[in-house]
Amino acid sequence: ELKVEQNPLFLSMQEGKNYTIYCNYSTTSDRLYWYRQDPGKSLESLFVLLSNGAVKQEGRLMASLDTKARLSTLHITAAVHDLSATYFCAVPYSGGGADGLTFGKGTHLIIQP
Amino acid sequence: ETGVTQTPRHLVMGMTNKKSLKCEQHLGHNAMYWYKQSAKKPLELMFVYSLEERVENNSVPSRFSPECPNSSHLFLHLHTLQPEDSALYLCASSQWLVRGQFFGPGTRLTVL
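Protein chains in written order, with the working numbering: chain G, 1 to 113; chain S, 1001 to 1112.
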């Protein structure tokens, strides 16, 4: 059974600081996805990581994937209040075509001025 | 309309009611999904449809019945639900998983 674990589950940080969210998964996969969810809203796709060593950056967020370690990181640089949200990582079930995703529990991020 | 739309956005129903959730994707994708998000559990996959064929039923109770009449539409028919079925139901679509799944706004369901 595929398990996806995120840590921390809750993070309160100050603006301007850097931090990293970790996502571990239990079975082989060469793909991983990061999503953002604002309160009462749906999920917004942030990053699609499709191979070992993949690194993607968008603004103050950078995501990476190490398939050998079964680990992905989401790094936040010089955080700003607008980044406050819940962040989820997700891994496909079997690596095929139309696979469902197994999600982590999410990291609830609060960035304080 | 663009992206993935869901109706209704909010639904309150009794345990003996029958209702349906509708999802429509305007992205030309070939796979659609239903997920459940409740306060007590992580996002859970319910059903997967690929090219209008169901390819995954993630041990979902039979009181939830999906229907995919074509590649753009997905329904979730609900009957004799329980209060613990109250949750946010999210629909998603993808062109398989090359670019990830795109989610609709969700239907907030309350079962009384």
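Derived from the structure by calculation, the hints contain no laboratory data. Please note that the accuracy of each hint is not assured.
[As the list claims (entries may be wrong)] Subject to a maximum C-alpha distance of 20 Å in a straight line, what follows is the list of computed SDA-like cross-link-like pairs (lysine to any residue): (1) S:K1040 to G:K68; (2) S:K1041 to G:R36; (3) G:K41 to S:K1022; (4) G:K3 to S:P1042; (5) S:K1022 to G:G40; (6) S:K1036 to G:G40; (7) G:K41 to S:T1110; (8) S:K1040 to G:P39; (9) G:K41 to S:T1005; (10) G:K41 to S:L1011; (11) S:K1040 to G:T27; (12) G:K68 to G:L9; (13) S:K1036 to G:S42; (14) S:K1041 to G:K68; (15) S:K1036 to S:E1056; (16) S:K1018 to G:L9; (17) G:K41 to S:E1056; (18) G:K3 to S:T1005; (19) S:K1041 to G:E1; (20) S:K1041 to G:Y93; (21) S:K1022 to G:S42; (22) S:K1036 to G:K68; (23) G:K41 to S:N1057; (24) G:K3 to S:L1011; (25) G:K105 to S:K1040; (26) G:K3 to S:P1008; (27) G:K41 to S:E1044.
[Unchecked claim] A few chain G positions that, by computed beta-carbon distances, are all more than 10 Å from chain S: (28) P8; (29) S42; (30) E44; (31) S45; (32) V55; (33) G59; (34) L71; (35) A90.
If you're wondering where the values come from, they're calculated on a predicted model, not measured in any experiment. For glycine and all other residues, C-beta sits at the position ideal for the given N, C-alpha and C.
A quick look at each hint next to the structure:
Proximity of K1040 (chain S) to K68 (chain G) is assessed by CA-CA distance (about 31 Å); at most 20 Å being required, the pair is judged violated. For a cut-off of 20 Å, the pair hint linking K1041 (chain S) to R36 (chain G) stands: about 17 Å separates their Cα positions. Taken as a hint, the K41 (chain G) and K1022 (chain S) pair is honoured in the structure, with Cα atoms around 17 Å apart against an allowance of 20 Å. For the hint pairing K3 (chain G) with P1042 (chain S), the CA-to-CA distance comes to about 11 Å; that is within 20 Å, so the pair holds.
In summary, the hint linking K1022 (chain S) to G40 (chain G) is supported, as the alpha carbons are separated by about 19 Å, within the 20 Å threshold. Restraint check: the Cα-Cα separation between K1036 (chain S) and G40 (chain G) comes to about 14 Å, which is no more than 20 Å; the hinted pair holds. Between K41 (chain G) and T1110 (chain S), the direct Cα distance comes to roughly 17 Å. Compliance with the 20 Å bound is thereby established for this hinted pair. Using a Cα cut-off of 20 Å, the hinted pair K1040 (chain S) and P39 (chain G) holds, with the two alpha carbons roughly 16 Å apart.
At most 20 Å may separate the alpha-carbon atoms for a hinted pair to count; K41 (chain G) and T1005 (chain S) meet this at roughly 13 Å. Under the criterion of a C-alpha separation no larger than 20 Å, the hint pairing K41 (chain G) with L1011 (chain S) is consistent with the structure, at around 16 Å. Taking the CA atoms of K1040 (chain S) and T27 (chain G), the gap is near 24 Å; set against the 20 Å cutoff, the hint is violated. For a cut-off of 20 Å, the pair hint linking K68 (chain G) to L9 (chain G) is broken: about 23 Å separates their Cα positions.
The hinted pair formed by K1036 (chain S) and S42 (chain G) meets the criterion: a straight-line CA distance of about 12 Å does not exceed 20 Å. Proximity of K1041 (chain S) to K68 (chain G) is assessed by CA-CA distance (about 28 Å); at most 20 Å being required, the pair is judged violated. Restraint check: the Cα-Cα separation between K1036 (chain S) and E1056 (chain S) comes to about 14 Å, which is no more than 20 Å; the hinted pair holds. With a C-alpha separation of about 36 Å, the suggested pairing of K1018 (chain S) with L9 (chain G) is violated against the 20 Å cut-off.
Between K41 (chain G) and E1056 (chain S) the alpha-carbon distance is near 26 Å, which puts this suggested pair outside the 20 Å criterion. Distance check on the hinted pair: K3 (chain G) and T1005 (chain S) sit about 29 Å apart at the alpha-carbon level, beyond 20 Å; violated. Between K1041 (chain S) and E1 (chain G) the alpha-carbon distance is near 16 Å, which keeps this suggested pair within the 20 Å criterion. Our distance criterion of 20 Å between C-alpha atoms is met by K1041 (chain S) and Y93 (chain G), whose separation comes to about 18 Å.
Restraint check for K1022 (chain S) and S42 (chain G): satisfied, since their Cα atoms lie roughly 16 Å apart, inside the 20 Å limit. For the suggested pair K1036 (chain S) and K68 (chain G), the alpha carbons sit about 30 Å apart, so the restraint of at most 20 Å is broken. For the suggested pair K41 (chain G) and N1057 (chain S), the alpha carbons sit about 25 Å apart, so the restraint of at most 20 Å is broken. Taking the CA atoms of K3 (chain G) and L1011 (chain S), the gap is about 31 Å. The hint is violated against a cut of 20 Å.
Proposed proximity of K105 (chain G) and K1040 (chain S) is supported: the alpha carbons are some 10 Å apart, at most 20 Å. Distance hint between K3 (chain G) and P1008 (chain S) is unfulfilled; the C-alpha atoms sit about 32 Å from each other, more than 20 Å. Distance restraint check for K41 (chain G) and E1044 (chain S): the Cα-Cα separation of roughly 17 Å lies within the 20 Å cut-off, and the hinted pair is therefore satisfied. Distance check on P8 (chain G): its Cβ is at least 15 Å (rounded) from any Cβ of chain S, clearing the 10 Å threshold; non-interface status holds.
Not every CB of chain S is more than 10 Å from the CB of S42 (chain G) (nearest about 5 Å), against its label as outside the interface. Not every C-beta of chain S lies more than 10 Å from that of E44 (chain G), the closest at about 8 Å, which undercuts listing it as non-interface. Non-interface call for S45 (chain G) relative to chain S: violated, since the shortest CB-CB distance, roughly 5 Å, does not exceed 10 Å. Distance check for V55 (chain G) against chain S: the nearest CB is about 16 Å away, which clears 10 Å, and the non-interface claim stands.
For G59 (chain G), the shortest C-beta to C-beta distance to chain S comes to about 18 Å, beyond the 10 Å cut-off, and the non-interface label holds. No beta-carbon of chain S comes within 10 Å of the beta-carbon of L71 (chain G); the shortest separation is about 18 Å. Interface exclusion of A90 (chain G) from chain S breaks down, the closest Cβ pair being 8 Å apart, not more than 10 Å.
The structure fails hints 1, 11, 12, 14, 16, 17, 18, 22, 23, 24, 26, 29, 30, 31, 35 (numbered hints given earlier, in ascending order).
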